[in-house]
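Knowing the structure of chain A, use the given hints to seat chains B and C on it.
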Amino acid sequence: MQKIPQRQIHKYLRHDKKFPHVWCPGCSNGIVLGATIRAIAELGFERDNVAMVSGIGCSSRMPVYADFNTLHSLHGRAIAYATGIKMYKPEMEVVVITGDGDGTAIGGNHFIHAARRNIDLTVILINNYIYGMTGGQYSPTTPHGDNSTTTQYGNIDPTFDICKLAIGAGATFVARTSAYHVDESKSFIMQALKHKGFSLVEIISACPVIYGKLNKKGDAPAMMKSMKENIIPVKQYEKLSQEDRINKQTRGILFHDTEKKEYTAAYQELIDSLKKPEEESNE
Amino acid sequence: MQSNKSKLKTVLMQGNEAIARGALAAGLDFFAGYPITPSTEIAEICSVELPKFGGKFLQMEDEIASISAIIGASLAGAKTMTATSGPGYSLMTEGIGFAKMTETPCVVVNVMRGGPSTGLPTKPSQADIMQAKWGNHGDAPAIVLYPNSVSESYELSIRAMNLAEKYRTCVVLLSDEVLGHMREPIELPNLANVKIVKRITPTKPPEWYQHYPDNPKYPMPKASFGEGYRFHVTGLSHDSKGFPTNRADETAVLMSRLRNKILHHIDDIVQLESFQMEDAKVAIFAAGITSRAAKEAVMIARKNGVKVGMLRPLTIWPFPDAAVRKLLEDQETIIIPELNEGQLSREIKRVMGCSWNSESKTCKYIVQLNKTNGQLITPEEIFNLIKEVI
Amino acid sequence: MSKETFKWEIRLSGSGGQGLITAGIILARAAVLDKLLVTQTQSYGPESRGGYSRADVIISNKEFYYPEAVNFDVLLSLTQDACEAYAKNLKDSGILIADTTNVKNIVPMNAKIYELPLTEIAMEKLGTILPTNILSLAFLVKITGVVSESSLKKAVSDSLKPQFKNLNLKAIKIGFELANRYKK
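Residue numbers (the working numbering), protein chains in the order written: chain A, 119 to 401; chain B, 23 to 412; chain C, 8 to 191.
Calculated from the structure, these hints are not laboratory results.
Possibly wrong hints are sitting among the right ones.
Stated by the list, open to error - Label pairs and their in silico Cβ distance ranges:
(1) A/LYS393 - B/LYS239: 37 to 45 Å
(2) A/ILE127 - B/THR273: 28 to 36 Å
(3) B/LEU210 - A/LYS393: 22 to 30 Å
(4) B/VAL33 - C/LYS132: 27 to 35 Å
(5) A/LEU388 - B/VAL33: 23 to 31 Å
(6) B/ARG281 - A/PRO138: 52 to 60 Å
(7) C/SER67 - B/LYS31: 57 to 65 Å
(8) B/VAL33 - C/GLU156: 18 to 26 Å
(9) B/SER139 - A/LYS357: 54 to 62 Å
(10) A/LEU392 - C/LYS161: 45 to 53 Å
(11) B/LYS226 - A/LYS393: 32 to 40 Å
What the hints assert, rightly or not - Quick list of in silico lysine to aspartate or glutamate cross-link-like pairs, DMTMM-like style, CA-CA up to 20 Å:
(12) C/LYS111 - C/GLU127
(13) C/LYS168 - B/GLU66
(14) A/LYS135 - B/ASP271
(15) B/LYS325 - C/GLU11
What the hints assert, rightly or not - A few chain B positions that, by computed beta-carbon distances, are all more than 12 Å from chain A:
(16) LYS74
(17) HIS260
(18) LYS263
(19) ALA274
(20) MET277
(21) LEU336
(22) ALA344
(23) GLU351
(24) ILE388
(25) LYS409
(26) VAL411
Even glycine gets a Cβ: it sits at the ideal position worked out from N, Cα and C.
For reference, chain A alone in the conformation it holds in the complex (with noise of 0.2 Å):
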């Protein structure tokens, strides 16, 4: 693949100011965001054309950053923002940026019917396992047993498989891999971007200053190395007994499906279908 220099990259940064950024030391956000622009700049897509919307939480303070067309919206309304930006302009690229709490808490009634509609949109959900701006509130994807700020006798509850949720409701592009595999996510994110259809790339990532602090992770090369570890290929955790599964998760492309139409696109065949009559009867 093509490298692209350094200073290409910066020119998607927003440099009048806007840094430093908000992110505590050893976030996995800018890591993503690192990734977004990159897989961005490697496509060629015109800053211009790229629109970025968030929600509310860590992640979604990601959008101030880049410099393209950006909203930050309303805590989990990210993807029904985006919808309608799609809607309108089909030719923009809509690229969403949530988290596990935003995206599937809140925002889980938008994430699962904008998969169902298959809308064109590149949604990267990065999830820390943890509500990081409010203090370090249980999310839907804390895992059982974890503490939080609001689970100080261990989580109980029961976890969503992201990826799972996209793909039963009707996502076409979905794909899993964590902040530690940086070259992973530029991929998975290209192929998203490029893909017509609903895509989502979960992007399992490190919040060292309060999940991993709440939970004895340890500092940020521990949880990185942690997650280089245990976020596995999945022909590799196949292989594995059911015993040694535990506390591992998969990486790879889960789901891809060309065939499903896409939202835009049908849409635009129903105004089309209506025009043919009328000109018809103008003659």
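Chains B and C in isolation, oriented as in the chain A frame:
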């Protein structure tokens, strides 16, 4: 008088249809909504009409998604509307606040039904008048219009779209179950003569562009996504370029702009109808569907030798304080009939300088007539009250 | 312009599914064709008690404001429940048209009463009860003269799907004939 050319033909039309057709006449090209009685006809008509000319209709998964989608589309350049009723409006209020904060034009129609909660889905009410102003959290200006006929539903729908565009805000258009479902003749205007506020594309180079200029003149150029301006939009307090800020000075500028763009243009926004007020000794202050009963009551009273007039706000918010005070200060008695527990009457008491205690002397001449059982207030009920108070 | 002013408050009542709202819309369209002022309103969903439905049409040649019928000049009742619920608001000078297929008891009143089995007549003459609403409306129009007969026919043609047009135009004819027979 309208010239012959300005009106094309008279047709029978339903109130909800008039709202949809008015918005379409004003350039609506994106509608997202969620079914709810008694507003659903508006969505149904938009779903049929919009794709005919390349516009977009979306039935979203809920009302929150609907308001979100129209704000997103508006940022991308669309002229947008959604329509709902009380329960759906409650869900939309956070998004309405976002549209006001980010100064993104859109129109929300609330066809009012009986509440609270699920209430009376098929019966009229006027109980969302306060919610239309105070519904969203945080102080924010509100433009809220309320017609009283099918023709006016059409006209105010156009006006709502225009005001949203001109002042870059979410405008709320109120209706009610009876007004939304009733049918009346309406003279359809020649669309070539309908005044439309179009979006003005900026001509400045992108590096000079401010999405939120400090000294705005309305209407002003406004970029949309995908046009090369790459601006940032956030519900956080933001500076002139739209970037988040905690600074007191920048936040103060933002808040005063949101307030003043409405307050400084009250004369442009406010519309009042004054009916037989010239020699009136008793004034009825009524809005929307209730003003129809009020007008009839004026006619009955005058037949019976009582000089009654009616004052009607077409613009509910901003409340027309000065105009109302001037028109009502000489009245011996003000009667305020409304399909709620007393919402417009609070404003009248405030404007006329009364204390909250309705037993106090100064408030004696303000008489409420409230009905919340799902039935309209009738002309006879108002007339009977007039006879009691004179 | 010495034309006398008039105002008709008409309530069409019965139960849901009898096509009364459609009849109300058609009557209002006919009034528009006659260049009259009109409002048409209806009850949506069940009333607080009982399952009756109604459509109100107010027709006048002079501006009026309140859109719902209060004291009726004409009441059409296709069911006993609706007749009982609304007859008390019929003006003394008013007209009651009761479908005796379903309306069995009528309280004593000063209004003029037309009693005829509208639903049965539709079934007998047209083979279906579906156009009872239009048949009844035609009867009402012919008795009252509230709108012109030609406008009623045009409003029916404009409002209904092609496959129902002929059936309903026949229903109008039957309604008019009945009115000629019953007219007092």
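To see whether the hints hold, each was checked on the structure:
For A/LYS393 paired with B/LYS239, a C-beta distance near 39 Å keeps the hint of 37 to 45 Å intact. Separated by about 33 Å at the C-beta atoms, A/ILE127 and B/THR273 satisfy the suggested range of 28 to 36 Å. The hinted window of 22 to 30 Å between B/LEU210 and A/LYS393 holds, with their beta carbons roughly 24 Å apart. Look at B/VAL33 against C/LYS132: about 33 Å separates their beta carbons, and that is inside 27 to 35 Å.
Take A/LEU388 and B/VAL33: their Cβ atoms lie about 27 Å apart, and the range 23 to 31 Å holds. B/ARG281 and A/PRO138 have their C-beta atoms about 33 Å apart, which leaves the hinted 52 to 60 Å range violated. Distance hint check for C/SER67 and B/LYS31: the Cβ-Cβ separation is about 21 Å, which falls outside the suggested range of 57 to 65 Å. At roughly 21 Å, the beta-carbon separation of B/VAL33 and C/GLU156 lies within the given 18 to 26 Å, and the hint holds.
Range check, B/SER139 to A/LYS357: about 56 Å between beta-carbon atoms, so the 54 to 62 Å window is met. Roughly 29 Å separates the CB atoms of A/LEU392 and C/LYS161, a value that falls outside the hinted 45 to 53 Å. Checked against the hint of 32 to 40 Å, the C-beta distance between B/LYS226 and A/LYS393 comes to roughly 36 Å, which is consistent with it. Taking the CA atoms of C/LYS111 and C/GLU127, the gap is near 14 Å; set against the 20 Å cutoff, the hint holds.
This hinted pair checks out: C/LYS168 and B/GLU66 have alpha carbons roughly 19 Å apart, not beyond 20 Å. Restraint check for A/LYS135 and B/ASP271: the C-alpha separation of about 16 Å stays at or below 20 Å, so the hint holds. A hinted pair counts as satisfied when its Cα atoms are at most 20 Å apart, and B/LYS325 with C/GLU11 qualifies at roughly 18 Å. Chain A draws B/LYS74 into its interface by the beta-carbon criterion, the shortest separation being 5 Å against a cut-off of 12 Å.
The Cβ of B/HIS260 sits about 9 Å from the closest Cβ of chain A, inside the 12 Å cut-off, so the non-interface label is violated. Distance to chain A contradicts B/LYS263 as a non-interface residue, since its nearest Cβ pair spans about 8 Å, not more than 12 Å. Its beta-carbon lying about 18 Å from the closest one in chain A, B/ALA274 satisfies the requirement of being farther than 12 Å from that chain. Its beta-carbon lying about 19 Å from the closest one in chain A, B/MET277 satisfies the requirement of being farther than 12 Å from that chain.
Against chain A, the non-interface label of B/LEU336 holds: every CB pair exceeds 12 Å, the least being about 30 Å. No Cβ of chain A comes within 12 Å of the Cβ of B/ALA344; the nearest lies about 36 Å off, and the non-interface call holds. Residue-level check passed: B/GLU351 sits 44 Å from the nearest beta carbon of chain A, beyond 12 Å. Residue-level check passed: B/ILE388 sits 40 Å from the nearest beta carbon of chain A, beyond 12 Å.
B/LYS409, annotated as away from the interface, keeps every beta carbon of chain A farther than 12 Å; the closest lies near 52 Å. No beta-carbon of chain A comes within 12 Å of the beta-carbon of B/VAL411; the shortest separation is about 48 Å.
Figure legend: structure checked against the earlier numbered hints; hints not met, in rising order: 6, 7, 10, 16, 17, 18.
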